[in-house]
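Engineer: Protein chains in written order, with my numbering: chain A, 1 to 628; chain B, 1 to 372.
Keep in mind the hints are simulated off the structure, nothing from the lab.
Where is the CB? At the ideal position from N, CA and C, for every residue including glycine.
Heads up, some of the hints might be wrong.
Claimed, not checked - Straight line, CA to CA, 20 Å or less: simulated SDA-like cross-link-like pairs of lysine to any residue:
id, chain 1, residue 1, chain 2, residue 2
1, B, Lys247, A, Pro603
2, A, Lys46, B, Lys247
3, B, Lys367, A, Leu18
4, A, Lys346, A, Pro507
5, B, Lys141, A, Arg14
6, A, Lys264, A, His593
7, B, Lys247, A, Gly40
8, A, Lys46, B, Leu192
9, A, Lys46, B, Lys367
10, A, Lys46, B, Lys368
11, A, Lys46, B, Leu244
12, A, Lys300, A, Leu136
13, B, Lys141, A, Arg15
14, B, Lys141, A, Ala12
15, A, Lys534, A, Pro603
16, A, Lys607, A, Arg253
17, A, Lys300, A, Ile111
18, B, Lys301, A, Asp48
19, B, Lys368, A, Asn9
20, B, Lys141, A, Arg253
21, A, Lys346, A, Gly370
22, B, Lys141, B, Leu192
23, B, Lys301, A, Ala12
24, A, Lys46, B, Leu332
25, B, Lys141, A, Ser242
26, B, Lys247, A, Asp48
27, A, Lys256, A, Pro286
28, B, Lys141, A, Ile16
29, B, Lys247, A, Ile44
30, A, Lys500, A, Gln476
31, B, Lys301, A, Leu18
32, B, Lys247, A, Trp41
33, B, Lys301, A, Arg14
What the hints assert, rightly or not - Chain A stretches covered by chain B per the calculated footprint, using a threshold of three residues with CB under 8 Å from any CB of chain B:
id, segment
34, 23-32
35, 43-50
What follows is the residue order along each chain.
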Amino acid sequence: MADEKAFKNHPAERRIFLSRIIVVVLAMFVMLGILVTRMGWLQIAKHDYFTTRSKDNRMRVEVVQPVRGLIYDRNGTILAQNLPAYRLVVIPEQVENMDKALDRLSQYVEIRKKDREHLRRRLAHTPSFRAVPMRLNLSKREVARFEVNRYRFPGMEIRAGLSRYYPLGRFTGHVVGYVGGITGPELLMLNDQRYRGATRIGKTGIELYYESLLRGYPGSRIVEANAVGRTVRTLEYHPPRSGKNLYLTISARLQKVAFQALGKHSGAVVALNPESGDVLAMVSKPSYNTNLFVGGISSKAYNRLLNNPRNPLYHRAIQGQYPPGSVVKPVMALAALESGVIEPEKQVWCPGYVTLEGSDHHYRGWARWGQGWVDMREAIYRSTDVYFYKMAMKMGIDTIHKFGSMFGLGQKTGIDLPSENSGIMPSRGWKHAHHGTRWFPGETLITVIGQGYMTATPLQLAQMTSLIAQRGKGYQPHLLRAVRNPKSGQLRTIKPDPIKPINLDNPKHWDVVIDGMRAVVNNARGTAHDYIGKNLQYTLAGKSGTAQVTELKQGVIAPDIEDMPYGQRPHALFIAFAPIEDPKIAVAVIVEHGGGGSSVASPVARKVIDAYLLGDKPVRQAKADVSS
Amino acid sequence: MTAEATNKTPTPTEWVARWHLDLPLLIGLAVCITLGLFVLYSASNRSMDVVTDQGLRIALGLVCMVVVAQIPPEWFRTLTPPSYLLGLVLLVLVLFVGDAAMGARRWIDLGPVQFQPSEIMKIAMPLAVAAWFNDRPIPPKLPDIFAIAIIIMIPVALVANQPDLGTAVLIVGSGVAVLYLAGLRWRTIGILFLIVLAAAPLIWFNMHEYQQQRVLTFFNPSRDPTGAGYHIIQSKIAIGSGGLFGKGWLNGTQSHLNFLPASDTDFIFAVLAEEAGFLGVLGLLALYVFLVARGLYISIKSQDTFQRLVSGSLSLTFFIYVFINIGMVAGLLPVVGVPLPLISYGGTSMVVMLIAFGILMSIHTHKKLLAT
Numbered sequence: 001m002a003d004e005k006a007f008k009n010h011p012a013e014r015r016i017f018l019s020r021i022i023v024v025v026l027a028m029f030v031m032l033g034i035l036v037t038r039m040g041w042l043q044i045a046k047h048d049y050f051t052t053r054s055k056d057n058r059m060r061v062e063v064v065q066p067v068r069g070l071i072y073d074r075n076g077t078i079l080a081q082n083l084p085a086y087r088l089v090v091i092p093e094q095v096e097n098m099d100k101a102l103d104r105l106s107q108y109v110e111i112r113k114k115d116r117e118h119l120r121r122r123l124a125h126t127p128s129f130r131a132v133p134m135r136l137n138l139s140k141r142e143v144a145r146f147e148v149n150r151y152r153f154p155g156m157e158i159r160a161g162l163s164r165y166y167p168l169g170r171f172t173g174h175v176v177g178y179v180g181g182i183t184g185p186e187l188l189m190l191n192d193q194r195y196r197g198a199t200r201i202g203k204t205g206i207e208l209y210y211e212s213l214l215r216g217y218p219g220s221r222i223v224e225a226n227a228v229g230r231t232v233r234t235l236e237y238h239p240p241r242s243g244k245n246l247y248l249t250i251s252a253r254l255q256k257v258a259f260q261a262l263g264k265h266s267g268a269v270v271a272l273n274p275e276s277g278d279v280l281a282m283v284s285k286p287s288y289n290t291n292l293f294v295g296g297i298s299s300k301a302y303n304r305l306l307n308n309p310r311n312p313l314y315h316r317a318i319q320g321q322y323p324p325g326s327v328v329k330p331v332m333a334l335a336a337l338e339s340g341v342i343e344p345e346k347q348v349w350c351p352g353y354v355t356l357e358g359s360d361h362h363y364r365g366w367a368r369w370g371q372g373w374v375d376m377r378e379a380i381y382r383s384t385d386v387y388f389y390k391m392a393m394k395m396g397i398d399t400i401h402k403f404g405s406m407f408g409l410g411q412k413t414g415i416d417l418p419s420e421n422s423g424i425m426p427s428r429g430w431k432h433a434h435h436g437t438r439w440f441p442g443e444t445l446i447t448v449i450g451q452g453y454m455t456a457t458p459l460q461l462a463q464m465t466s467l468i469a470q471r472g473k474g475y476q477p478h479l480l481r482a483v484r485n486p487k488s489g490q491l492r493t494i495k496p497d498p499i500k501p502i503n504l505d506n507p508k509h510w511d512v513v514i515d516g517m518r519a520v521v522n523n524a525r526g527t528a529h530d531y532i533g534k535n536l537q538y539t540l541a542g543k544s545g546t547a548q549v550t551e552l553k554q555g556v557i558a559p560d561i562e563d564m565p566y567g568q569r570p571h572a573l574f575i576a577f578a579p580i581e582d583p584k585i586a587v588a589v590i591v592e593h594g595g596g597g598s599s600v601a602s603p604v605a606r607k608v609i610d611a612y613l614l615g616d617k618p619v620r621q622a623k624a625d626v627s628s
Numbered sequence: 001m002t003a004e005a006t007n008k009t010p011t012p013t014e015w016v017a018r019w020h021l022d023l024p025l026l027i028g029l030a031v032c033i034t035l036g037l038f039v040l041y042s043a044s045n046r047s048m049d050v051v052t053d054q055g056l057r058i059a060l061g062l063v064c065m066v067v068v069a070q071i072p073p074e075w076f077r078t079l080t081p082p083s084y085l086l087g088l089v090l091l092v093l094v095l096f097v098g099d100a101a102m103g104a105r106r107w108i109d110l111g112p113v114q115f116q117p118s119e120i121m122k123i124a125m126p127l128a129v130a131a132w133f134n135d136r137p138i139p140p141k142l143p144d145i146f147a148i149a150i151i152i153m154i155p156v157a158l159v160a161n162q163p164d165l166g167t168a169v170l171i172v173g174s175g176v177a178v179l180y181l182a183g184l185r186w187r188t189i190g191i192l193f194l195i196v197l198a199a200a201p202l203i204w205f206n207m208h209e210y211q212q213q214r215v216l217t218f219f220n221p222s223r224d225p226t227g228a229g230y231h232i233i234q235s236k237i238a239i240g241s242g243g244l245f246g247k248g249w250l251n252g253t254q255s256h257l258n259f260l261p262a263s264d265t266d267f268i269f270a271v272l273a274e275e276a277g278f279l280g281v282l283g284l285l286a287l288y289v290f291l292v293a294r295g296l297y298i299s300i301k302s303q304d305t306f307q308r309l310v311s312g313s314l315s316l317t318f319f320i321y322v323f324i325n326i327g328m329v330a331g332l333l334p335v336v337g338v339p340l341p342l343i344s345y346g347g348t349s350m351v352v353m354l355i356a357f358g359i360l361m362s363i364h365t366h367k368k369l370l371a372t
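Turn these sequences into a full structure, and let the hints steer you where they fit.
Structural biologist: Below is the structure:
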């Protein structure tokens, strides 16, 4: 290679180079021109704009907080809104002696010790030219007092803002959630840009789950301020982008009905639309006033909520894991039919108990002396435990687990709320993993009637009911119906999301089970007939459940419910859907320690369904008409 | 030089020539550097420590410059491949033993001295690419382009990984500048440009979040007015408030620039603009233009392709750095962390720039009688 140098035509190469250099020189002239023009524009044309009027004038860049998106129910009733509020902010670099200034300030405006501490912490990680909020929700009197003495407090000013308010407070508290102050750790995890100067962030419920839709984007403002720190004029303004407005699937009217229907009991009601997965109502009682949290709840009030033995902060509808009791029997019946262990018309003898081979332990039904010969439909509408025990002995826990899981038991529904619990659908594997022992046959029996290790949330039970109502077709339960961009007015409706349908080998089996559930209400011997079977204006199917909370010893007669201490009373459950031929609503009710499922829980379900199917549509339709 | 010494002491011009220095460049550099020290003093809040520090680096740089100016250009050709490899080794080294500052691994700390290998690459690259064409004819053909692409991409990948996207782009630019001066066909340039355009989405998604933020904030500073956008807003305010005559040395409003963390490095131009005004800006630009013009003159007068390419590309890239830094400070370009040559506080850049000028001087003062 070294011997053969490639032929180089030097004069030609020089010409190439020169021609290139000329272009380079021209380009440099252009670029210089750009720079000079830009400098001239900044320094001469816009000189006044950038110069301050007097020696003491300064420029400040302020963040403009975006308006948080509003939350409505499906008909436009407002559930979360923003009301005007005043706050006091301080710009540290303009304050000479912070402690002295705060002392002086407390003569006019209440400064609590925790305000000072909060300020100190916030100052530690904010540059000194940025405004830090010091007190929120000033009263009008405090605002007036400060403004009159404003000149004594350079570097501090009142800013008008918005404060979150929940008009329906308790009724929708768990679903809507609340916003609260941003904590240090939260601030570290957030996208700093979007949350500059922000004080509030969603903490629970929809406010938390859809925080990124509700928040919006901050804007900015360049202002000129005089020596005292007062804003003299605005030089540039870039508007913020408001958060999106959310329309939920729940109906405020139905929420109220469900909430009041629970009366003085604790419990939960979940109502779904089986045709779309819309959550029509989701109530957890007792509830609490979410407005307490917005401005920063006092520790006294918070402790009161925390220590309340009835746990108002607990969102029972999605977190409460209860033994479902007999309400799972329709699913168990389907399991028995599909696995071929029984035909619908076959009669089974119920003497009131069964025993397992090799033991004389009596597994009792709730009817002490037995119910005689029952077929499947009757076993459903009379809730014959012994029938199901016998099916369970033939099916085995594996089949039961499989069917329960198909209907969503033991798995989260994926509802758009935080902190959902999944309940337990026990199996051999589960027992081994959690208890380290093998599955015992007796446990299959108590599982089939919805006791033992099995637990479910009210939402899961509602979804299960919905799947039965629609004969295996189902949709993802969701709370968000539509999103509106407040600026463009554009509305985006969320489409229902179908889930994998349950296909039975023999679709006629659906009819058997649904008939049984219809008879629960219609048949004179149906468990719920006496309580909700009269004056029905639509076809209704349901199933009651009375879930034992304590074990009854062998041979002991169950005491009357009123004689039991509260914590030992069974839970009352009821699931229902209507109308049967074209289901529009599926409901699950649990009344904690309420006693009998039919007597206590079914009237709640009836009230809710009546209100939905028969009640007036609300007269007031908000300007945002979301009905499709 | 003649064997017989005369009794005369050498005139300044002769002395300069004996030391292979170029007088116009020397004067231009001296004025620029001195001006820079004054500005630095103000920008660093009257810190003599900073100025002394910078002065030492300048001294080191000048020594290197003189040393380099003695080296005949032919030696550059031979020295280039080892220098390039040394640069690569240092770049790899910095990934392992480098000091992480501001979230990037760019520096190697040698006790009293810290240096950035990526800065070295800024001149090693044009040298390397120019050396490629020493024995090969120009204009570049396709095989040349492929080879050079590799030569460019290896160190660029290492630099971009630091992460230092700004410098990586500049290194690519300096390599491409040589290609361009070597006569890369316009059509090929067009094709390459389109390829880059097509690859842009790929590059975007591989960028770090903060790099993406920088680009987005550039297009709309009000996106992040209290963060990255704040610096640009403050910079423009500082520049604009300088007016025609400036506020005078040391009279820049510190409250503005207290929040420009790079006021003594990347944003130092804003200090100059505020204190010396539009006239001062024109003066500095004229100074830079003078240096670049002299460099281009040297390149035109060079005697072979390698020297032409080296001197031309070094001048061209010097101008680009000036343009990018000033453009960035004035809000015309995204914030990319490129220092203002010869003025920003920072050792490696100063030494490297002076070495580059030393190369220019070497090329100009080692003329053979017979031009090729």
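Engineer: Each hint: holds or not?
Structural biologist: Against the structure, the hints:
1. Lys247/B x Pro603/A: 83 Å, violated
2. Lys46/A x Lys247/B: 16 Å, holds
3. Lys367/B x Leu18/A: Holds: lysine 367/B and leucine 18/A sit about 19 Å apart, inside 20 Å.
4. Lys346/A x Pro507/A: Within the cut-off at roughly 19 Å; holds.
5. Lys141/B x Arg14/A: Roughly 17 Å between the alpha carbons, so the hint for lysine 141/B and arginine 14/A holds.
6. Lys264/A x His593/A: 12 Å, holds
7. Lys247/B x Gly40/A: With Cα atoms ~16 Å apart, lysine 247/B and glycine 40/A stay inside 20 Å; holds.
8. Lys46/A x Leu192/B: With Cα atoms ~39 Å apart, lysine 46/A and leucine 192/B exceed 20 Å; violated.
9. Lys46/A x Lys367/B: 50 Å, violated
10. Lys46/A x Lys368/B: Violated, because 54 Å separates the two Cα atoms, which is more than 20 Å.
11. Lys46/A x Leu244/B: Given that 20 Å is the threshold and the Cα spacing comes to 11 Å, the pair holds.
12. Lys300/A x Leu136/A: Answer holds: lysine 300/A to leucine 136/A is near 19 Å, not above 20 Å.
13. Lys141/B x Arg15/A: 17 Å, holds
14. Lys141/B x Ala12/A: The given pair, whose Cα atoms are some 16 Å apart, holds under the 20 Å limit.
15. Lys534/A x Pro603/A: The hint holds at about 11 Å.
16. Lys607/A x Arg253/A: Roughly 12 Å between the alpha carbons, so the hint for lysine 607/A and arginine 253/A holds.
17. Lys300/A x Ile111/A: Holds - the C-alpha atoms of isoleucine 111/A and lysine 300/A are around 18 Å apart, at most 20 Å.
18. Lys301/B x Asp48/A: Not OK: lysine 301/B and aspartate 48/A at ~47 Å, beyond 20 Å, violated.
19. Lys368/B x Asn9/A: 18 Å, holds
20. Lys141/B x Arg253/A: With a Cα-Cα distance of about 78 Å, the restraint between lysine 141/B and arginine 253/A is violated, given a limit of 20 Å.
21. Lys346/A x Gly370/A: 17 Å, holds
22. Lys141/B x Leu192/B: With Cα atoms ~14 Å apart, lysine 141/B and leucine 192/B stay inside 20 Å; holds.
23. Lys301/B x Ala12/A: 15 Å, holds
24. Lys46/A x Leu332/B: Between lysine 46/A and leucine 332/B the Cα gap is close to 16 Å, so the pair holds against 20 Å.
25. Lys141/B x Ser242/A: Cα-Cα ~56 Å, so violated.
26. Lys247/B x Asp48/A: Given pair lysine 247/B, aspartate 48/A holds - Cα atoms ~14 Å apart, limit 20 Å.
27. Lys256/A x Pro286/A: 13 Å, holds
28. Lys141/B x Ile16/A: Given pair lysine 141/B, isoleucine 16/A holds - Cα atoms ~14 Å apart, limit 20 Å.
29. Lys247/B x Ile44/A: Distance of about 14 Å is within 20 Å: holds.
30. Lys500/A x Gln476/A: This hinted pair holds, its Cα atoms lying about 10 Å apart.
31. Lys301/B x Leu18/A: Within the cut-off at roughly 10 Å; holds.
32. Lys247/B x Trp41/A: Holds. Lysine 247/B to tryptophan 41/A sits at ~17 Å (cutoff 20 Å).
33. Lys301/B x Arg14/A: 10 Å, holds
34. 23-32: holds (count 5)
35. 43-50: Result for this restraint: holds, n = 6.
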